[in-house]
Amino acid sequence: MTPGKTRVGLLALALVLGPGPACKRGDEGKTKARDQHSAAPKGGPLHGQGEVRIIQLSPDEDRSRALFTGWTRAHYEAVFARMLLGYARVRSPDGGRTRHAGEGGDELPAAMEGSVRMLPAMGAWLACACNPERIRVEGRELDVVDLATTMLLAGTDPESPDYWHKIRKGWDQRQVEAALVAQFLVRSKARVWERLGPAEREQVLAWLTPAKEPLAGNWLAFQLTRNTTLEVLGAEVPEGSLDELLVRLEEDYVGDGFYRDSAPGRVDWYNGIAIHPELTFWRTQLGEDDPEQAERAARVALRTEAFLGHLPFLMDSQGRVAPLGRSLAYRSGVLAALSASVVAGDDFVLPGLARRMLSGSLKFHLDAGMFDEQFALTRGYHGEQPGVTEAYLRPGSQYYLSRALEVLALPPEHRFWSEIEMPLPADLGDFVHAIPAVGWQVDFDRAVDRRAPSRPAGAGLSLRNAGSATRKLAYQPRYMKLDYGAFGWFSAADDADARWPYDGAVISASAMGFDRARGPATASTVVSGFSWQRHALPPEDEAAPQLDDPGASGAWDPEPAPLVDAKASPPHWISTATLSALPGSVDSEAVRPSLRLSCVEPNGVEAARPYEGSAAIRRVPEGLILGGGDKDWVYLETGADALPGAGAVLFANAHGWTRAGLNLDYGSADHVLGGKSAFAGLALGATHPGIDEPRCFASWQVLSERPFEPGPQLAALPQVSFEDRVATVRFANGDLAWVDLAPEVRERSVELAGLRATGPLRTVWVRADAQVVVAVGLRELGEVHPGPADENAPPLIQTATDTPLAFVACARAGAGWLCELDGPARLRSPGTTLMLSPSGWRGSEGIAEVTATVTPEEGQVLINPAEHGLGPKRRATTTVVAAVY
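According to this note's numbering, the sequence shown is numbered sequentially starting from 2.
Where hints are given, some of them may not hold.
[Claimed, not checked] Derived Cβ-Cβ restraints for the label pairs, each shown as a range:
(1) ALA392 x ALA867: 45 to 53 Å
(2) GLY755 x SER722: 34 to 42 Å
(3) ASP63 x LYS213: 47 to 55 Å
(4) LYS213 x ASP290: 50 to 58 Å
(5) ASP666 x GLY755: 40 to 48 Å
(6) GLU414 x GLU52: 14 to 22 Å
(7) GLY735 x GLY103: 37 to 45 Å
(8) MET513 x GLU623: 40 to 48 Å
Hints were generated in silico from the structure; no laboratory data involved. Beta carbons are placed, not taken as given, at the ideal position from N, Cα and C, and that holds for glycine.
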């Protein structure tokens, strides 16, 4: 074999499958010559105290280098200046706290958060010699060094009225804020720390005591940063404390670059908010320089690379992210992992793509009302939105957004600023992408509304959730929906009555109480365009659960006991699968439907009354409602399309349901983005007594940010039939799918579109021309009736081990293949060139990680990533993308 890297059509082929190419790691483009321990900032000669940077709040765009956003470094400086103006306005007289409007805004811990969470941006500004210490904006001159130093000394001085008080044991908010203080001391070392007198340094270190008792979840990461900084500054750190924190963090690793936030199933944006950024800080400050930690540092780096490879698929072309989980009110702060990695000098993401993501996110939020008229950050996602914030987010908490500005530590000539923006997958059109280890299947649907061609249309970015979960009742809507759309979000929980709207869910509500909280998935799987999960739901004959404390004391909450009590009546079981699109099913103009298959298994004690809900949109009085009543479909349209969450949705019966309606049987519901929520519900007849035996259903959903005609979509309803809990689907375009919704799968042989698949199959989905196939549990795929030339040919796809392939997404390209696979496989092909890349998107160059010359044996090419240097020590992704030609 001949390894190397080749610029061929891998990008074009990869876009058909959706996973995208990865670029080969190497020295090109790296800025690994890190010097975090240096006394001087990077970026040339240090600008003295006399220079002042004049910052314009509305700088000119540059569409030559920033094709998608128009943003330059000046725009980041403008965001920083706005934040400084707002901070200066609410800063206390002694400078250590803030007094933001809102309940508790002038009290601890909010008054501390409002100050300390400015430090990531301030530290980044002071880390680069290219940035002067003072700025002038809107006629006001602000000294960044003075603001930061005054804050630091007032907050750590026990005699100051702004004293932050000691860091207490346990879940004390200071455990989090201390990490931001610590990292600031390293970033601004030359301009702040080294200018402090001995007594001042002693005072700061007396407050910044080391973390001695590990906590859990993302709090471990913050403790890690604190102890890392103390060691960098030469302060005493308990022996073994860093190693213990790292061990516990690594115990939370799930796969594909994602960590859980301590609790089982709680996989969310805290990967980007805290876990990866703090691990990157440890890795680049200590880990890579310590021979005893070299292996761990390399492992941590691979995981960050894998996470950042999946990250571009979780953002739409507007700059919005999939809204699963909590703390979305941090806005662009969810991209802290990206900014931290770029500043660290990693080459995991090409600079133009990194800037596209950060600029796109910041631009979206700025345009959506991130600042009020006095330059204070609003609390929400699109301006002021109380429903988006959790109880632990106080006035001032939202300033965690400043972590997105850490790239201001990079000088203007850095590649992050100088290279041309590269596209997100969503910039290039429709895609499907799966993250198997965490049970996320992501797809993007872009359409064109000819009445308003410049407005976003189609379902946009949707995250099909088969893995993330929580046992915390107050967080049910944020983790337990089956779908999370970047534009529509979801309905809010009814805290007063402890009820949950069933948008994006399949439930049972025998007494129509809608007060049952489902359990986490007990089994799940995802592959490109397909997701499946099975979960339990307590019956309504039990006492309704009480909403627990949403956690006002801190940003991490211990999980309560399991929702399904073993002493109570047995639960109902629900198995559900979503088929969104085959890889390569791209239609740049039409909206794209999705099909959901569900089987409801009653508990044998209480009859189940199944309901299924569509995605939620905002509801206004002038909104349009079609269908419902005696029809088994309903079309909802907001009408006022300027509202966040406005759109249109069609929800129709494809099998088993008999009734449809607006918020069917639930009644009025609030939308998390504000105002009222509208979702379409499907159910059995109003007088139906419920089901005592397992019954299966199918629904057809079309979602769009703009109105559309429901008629053509109703005409395209697929034919769905069930035999026991096995569904066979014939789509209007001729594509065929087979899905087993039973709890356990068994060895089977399934024939679709002239192909025969064998194995413990969960699904087989084949395009009408048999050129694209998606499968879970595949041992072998071949023709049912091979032609004369193929009569003695080997199988088209075959596992190369005794283990069936749990992830197969393959497209034939002439005699070659493009596949995403989770294990060694053999592909029928005469090809002699093999290209391999870990799953992920790092830019648009189309450079394979590995290119090798191979020799087919008995008509098949062996795909074994480990043999080509892409084993577990070279990648952290579950799957690889393989091209054979």
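Quick one: which hint numbers does this structure break? Sort them smallest to largest. 2, 4, 7 and 8
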